[in-house]
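Novice: These protein sequence lines map, in sequence, to chains A and B.
Per the numbering used here: the first sequence = residues 1 to 341.
Per the numbering used here: the second sequence = residues 1 to 263.
Bear in mind the hints are in silico, worked out from the structure with no lab data behind them.
Hints may contain errors.
What the hints assert, rightly or not - Which chain A residues face chain B? A few, computed with CB under 8 Å, are given here:
| no. | residue |
| --- | --- |
| 1 | D10 |
| 2 | S13 |
| 3 | D312 |
| 4 | P324 |
What the hints assert, rightly or not - The list that follows gives simulated cross-link-like pairs (lysine to aspartate or glutamate, DMTMM-like), each with its CA atoms no further than 25 Å apart:
| no. | chain 1 | residue 1 | chain 2 | residue 2 |
| --- | --- | --- | --- | --- |
| 5 | A | K160 | A | D10 |
| 6 | A | K250 | A | E333 |
| 7 | A | K160 | B | E220 |
| 8 | A | K250 | B | D84 |
| 9 | B | K197 | B | E59 |
| 10 | A | K98 | B | D164 |
| 11 | A | K160 | B | E234 |
| 12 | A | K250 | B | D224 |
| 13 | A | K100 | B | E220 |
| 14 | A | K250 | B | D217 |
| 15 | A | K98 | A | D228 |
| 16 | A | K100 | A | D191 |
| 17 | A | K160 | B | D125 |
| 18 | A | K160 | B | E218 |
| 19 | A | K250 | B | E59 |
| 20 | A | K250 | B | E234 |
| 21 | A | K250 | B | E218 |
| 22 | A | K160 | A | E196 |
| 23 | A | K160 | B | D217 |
| 24 | A | K160 | B | D224 |
| 25 | A | K100 | B | E47 |
| 26 | A | K160 | B | E229 |
| 27 | A | K250 | B | E229 |
| 28 | A | K250 | B | E186 |
| 29 | A | K98 | A | D10 |
| 30 | A | K100 | B | E229 |
| 31 | A | K250 | B | E220 |
Remember, predicted model here, so these are calculated numbers, not experimental data.
Using N, Cα and C, we set each Cβ at its ideal position, and we do this for glycine too.
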Amino acid sequence: MSDDGTVDVDEYSDVWVFVESHDGDVMNVSWELLNEASILTEQLGEDLVALVVGEGCDDVAEAAIERGADRALVADDPVFEPYRADPYGEQFRALVEKRKPAIVLIGGTHTGRDFAGRVAVPAHAGLTADCTEIDVDEDGLLQARRPAFGGNVLATILCKDHRPQMATIRPGVFEASDPDPDREGEIERVDVVVDEADTMSAVREREVGDTADITEADRIVAVGGGCDGDLEPARRLADALDADLAASRKAVDEGWIEGARQVGQTGKTVRPDLYVAVGISGAVQHVEGLNDSGVVVAINNDPNAPIFEHADYGIVGDLFEVCPDLAERIDAEGLVEVTND
Amino acid sequence: MTTDPTIVVGVKQVPDDDEVGIDPDTGHLDRASAPAVMNRPDRNALEAALALRDETGGEVLAMTMGPPTATDVLETAVALGCDDAALISDRKFAGSDTWPTSLTLAAAAEALDADVVVCGEETTDSSTGQVPPGIAAHLGWAQLTYVEALEPELEDDTLVAIRDVEGGHEVVAADLPVVVAVAYGENEPRAAGLHRKLYAENEFEPLELSADDLGLDENEVGMDASPTEVGGMETVEPVEREREVADDVDDLLASLRETEVLA
Ligand SMILES: Cc1cc2nc3c(=O)[nH]c(=O)nc-3n(C[C@H](O)[C@H](O)[C@H](O)COP(=O)(O)OP(=O)(O)OC[C@H]3O[C@@H](n4cnc5c(N)ncnc54)[C@H](O)[C@@H]3O)c2cc1C
Ligand SMILES: Nc1ncnc2c1ncn2[C@@H]1O[C@H](COP(=O)(O)O)[C@@H](O)[C@H]1O
Numbered sequence: 001m002s003d004d005g006t007v008d009v010d011e012y013s014d015v016w017v018f019v020e021s022h023d024g025d026v027m028n029v030s031w032e033l034l035n036e037a038s039i040l041t042e043q044l045g046e047d048l049v050a051l052v053v054g055e056g057c058d059d060v061a062e063a064a065i066e067r068g069a070d071r072a073l074v075a076d077d078p079v080f081e082p083y084r085a086d087p088y089g090e091q092f093r094a095l096v097e098k099r100k101p102a103i104v105l106i107g108g109t110h111t112g113r114d115f116a117g118r119v120a121v122p123a124h125a126g127l128t129a130d131c132t133e134i135d136v137d138e139d140g141l142l143q144a145r146r147p148a149f150g151g152n153v154l155a156t157i158l159c160k161d162h163r164p165q166m167a168t169i170r171p172g173v174f175e176a177s178d179p180d181p182d183r184e185g186e187i188e189r190v191d192v193v194v195d196e197a198d199t200m201s202a203v204r205e206r207e208v209g210d211t212a213d214i215t216e217a218d219r220i221v222a223v224g225g226g227c228d229g230d231l232e233p234a235r236r237l238a239d240a241l242d243a244d245l246a247a248s249r250k251a252v253d254e255g256w257i258e259g260a261r262q263v264g265q266t267g268k269t270v271r272p273d274l275y276v277a278v279g280i281s282g283a284v285q286h287v288e289g290l291n292d293s294g295v296v297v298a299i300n301n302d303p304n305a306p307i308f309e310h311a312d313y314g315i316v317g318d319l320f321e322v323c324p325d326l327a328e329r330i331d332a333e334g335l336v337e338v339t340n341d
Numbered sequence: 001m002t003t004d005p006t007i008v009v010g011v012k013q014v015p016d017d018d019e020v021g022i023d024p025d026t027g028h029l030d031r032a033s034a035p036a037v038m039n040r041p042d043r044n045a046l047e048a049a050l051a052l053r054d055e056t057g058g059e060v061l062a063m064t065m066g067p068p069t070a071t072d073v074l075e076t077a078v079a080l081g082c083d084d085a086a087l088i089s090d091r092k093f094a095g096s097d098t099w100p101t102s103l104t105l106a107a108a109a110e111a112l113d114a115d116v117v118v119c120g121e122e123t124t125d126s127s128t129g130q131v132p133p134g135i136a137a138h139l140g141w142a143q144l145t146y147v148e149a150l151e152p153e154l155e156d157d158t159l160v161a162i163r164d165v166e167g168g169h170e171v172v173a174a175d176l177p178v179v180v181a182v183a184y185g186e187n188e189p190r191a192a193g194l195h196r197k198l199y200a201e202n203e204f205e206p207l208e209l210s211a212d213d214l215g216l217d218e219n220e221v222g223m224d225a226s227p228t229e230v231g232g233m234e235t236v237e238p239v240e241r242e243r244e245v246a247d248d249v250d251d252l253l254a255s256l257r258e259t260e261v262l263a
């Protein structure tokens, strides 16, 4: 690296995907990334490498091979479980500096966004946040695209003279690949460079409950601030529609529903056939996450709520009346075949 | 053992989201004419910092990196209760991406002798959330992001946080000095007191810090030190929606039947 951090970019090759797992459970976004990154490695004629960090994570490494990785690098040590920014950042940085990947992709989860900077800063790498599209151009340069200005603009971010080209990617924007048990690949255990004695933080308690995946749902009923803590009417409607429950950030922050179900810029991107927004105002940060939905319905008692601008069909009314009413009609007319899953 | 900690809060001036109008000629958002305000999540950062000081003593200093007009957000911060504030401003900082931005803020935090740096979750204009971990990485400090609540244990040089993690929460203890990023909307920001407000508007002058003051070289900051650049901007056409408002539930169901989402 020279004084200004630029490097000989030709020394760098391969695409790395961070496979995020907690206690052996892999975040779906990792599989989404492996699938999308395989398109890049095919174009580049390079290897797709999964980076697995944790304790006792051989199964995760094998799953990564089945999901499309050519190789898996495994950093396995008790220091990595549960997750902490400093050990992850330090281990990841050491690997990047030694092995020189051209592109590094990390899921834009709280974990991914927490430690990505601890790799990019010491490596003086380019780091683009929350991308929704990735491509490589004819010179192999990563084109990392991300929504800007409330989703009205898609900005392409380039990193020409620094390596690696790092990006965090929003969960739910790409499809995950199916595992292929016949795929083969090399699993390599790497040296662990982190010592527990050097860590700067300690996890005292960790409680993880609902990690529902709303990104695959065909129908969604989403609750917002208008529900005022009472999700019953929305639940009733969701049952009638055989839909999954999702939420705005407001509903999550109020503690009415788990964060895993949040839709939007700092939540998930969803693409159901039907999205029903119940008592949601339609802030840009929310709408960004539902734009790929088929039909959007809004239930709101304020005729001027911005959500109506982003909906196909709206109804101005009190959700506490409209939801049960609608649910009853759907049930009575047998409009939805309810499956038990 | 840390006593009377210096708590430095990073605040940024951004275009007001709620006031961004539509350009009648292009039909696109016109951010240039929107008034500049304090980044909303930074209000939660300020509140967390002030609440921490209420508990531990010490002082809260606000810092912003931006043009001289960004002094406005420092005034707001002082009105809300910050003891003092620093404007980090220099032409050399122009064109900074998150790498030099976090280096510059890290240098300022050191210059201000910070024990704790408190930031917002992300900004509404660049929305990367990378600056707080970036500051921590440049300084080699611990970090606590997506923080919902803080609990000081200064006798052990420790700051404990409840963090929001995917699907739940965790309690993490970090060594001081530390960088904190507060989860947006996690606290109720206080209102400014009248006295403080008058002081901020009439008497307050920010401390000013340039690249030289911070000992930063020209090639360490601004565009030259930014690994990323914007390669292009495409306008995204808004998603076409029917925007029909139904008269009643019957009407709504009739429309939904036509879409075939409901058989
Ligand atoms: C950096 C950042 C990131 C963010 N990320 C996200 C994100 O990922 N996802 C997200 O959702 N938000 C996000 N937000 C927050 C976003 O800006 C809004 O504050 C949030 O979406 C508001 O949620 P809401 O519309 O449910 O609640 P409110 O704003 O409280 O709106 C409630 C709505 O319900 C209606 N209502 C009230 N009572 C009734 C009733 N009885 N019947 C029918 N309607 C009723 C009201 O008219 C109103 O329109 C983010 C904000 C920031 C700053
Ligand atoms: N120019 C700046 N001046 C002061 N603080 C900043 C600046 N940019 C970012 N921050 C802080 O870092 C947080 C995250 O910003 P960002 O990484 O840009 O999304 C903000 O909420 C602020 O607390």
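Novice: A closest beta-carbon separation below 8 Å is what the hint needs, so does A:P324 meet it against chain B?
Specialist: 10 Å, violated
Novice: Take a quick look at whether B:K197 and B:E59 sit within 25 Å of each other, Cα to Cα.
Specialist: 18 Å, holds
Novice: Next pair to validate is A:K160 with B:D125; report whether the Cα-Cα distance is within 25 Å.
Specialist: 24 Å, holds
Novice: Regarding the pair A:K100 and B:E229, is the alpha-carbon distance no greater than 25 Å?
Specialist: 21 Å, holds
Novice: Can A:D10 be said to touch chain B, with a Cβ gap under 8 Å?
Specialist: Cβ of A:D10 sits 17 Å from chain B, so the hint is violated.
Novice: Decide if the proposed pair is consistent with the structure: A:K160 and B:E220, CA atoms, cutoff 25 Å inclusive.
Specialist: 17 Å, holds
Novice: Measure nothing beyond the straight line between the CA atoms of A:K250 and B:E186; if it is 25 Å or shorter, mark the hint as holding.
Specialist: 10 Å, holds
Novice: Measure nothing beyond the straight line between the CA atoms of A:K160 and B:E234; if it is 25 Å or shorter, mark the hint as holding.
Specialist: Within the cut-off at roughly 20 Å; holds.
Novice: Does B:E218 sit within 25 Å of A:K250, going by the straight-line distance between their CA atoms?
Specialist: 43 Å, violated
Novice: With a cut-off of 25 Å on the C-alpha distance, tell me whether A:K160 and A:D10 pass.
Specialist: Measuring from Cα to Cα gives roughly 11 Å; hence the hint holds.
Novice: Measure nothing beyond the straight line between the CA atoms of A:K98 and A:D228; if it is 25 Å or shorter, mark the hint as holding.
Specialist: Answer violated: A:K98 to A:D228 is near 53 Å, above 25 Å.
Novice: Keeping to a limit of 25 Å between CA atoms, is the pair of A:K250 and B:E229 held or broken?
Specialist: Not satisfied, since the Cα-Cα distance of roughly 34 Å exceeds 25 Å.
Of the numbered hints listed earlier, those contradicted by the structure are 1, 2, 4, 6, 8, 10, 12, 14, 15, 19, 20, 21, 22, 25, 27 and 31.
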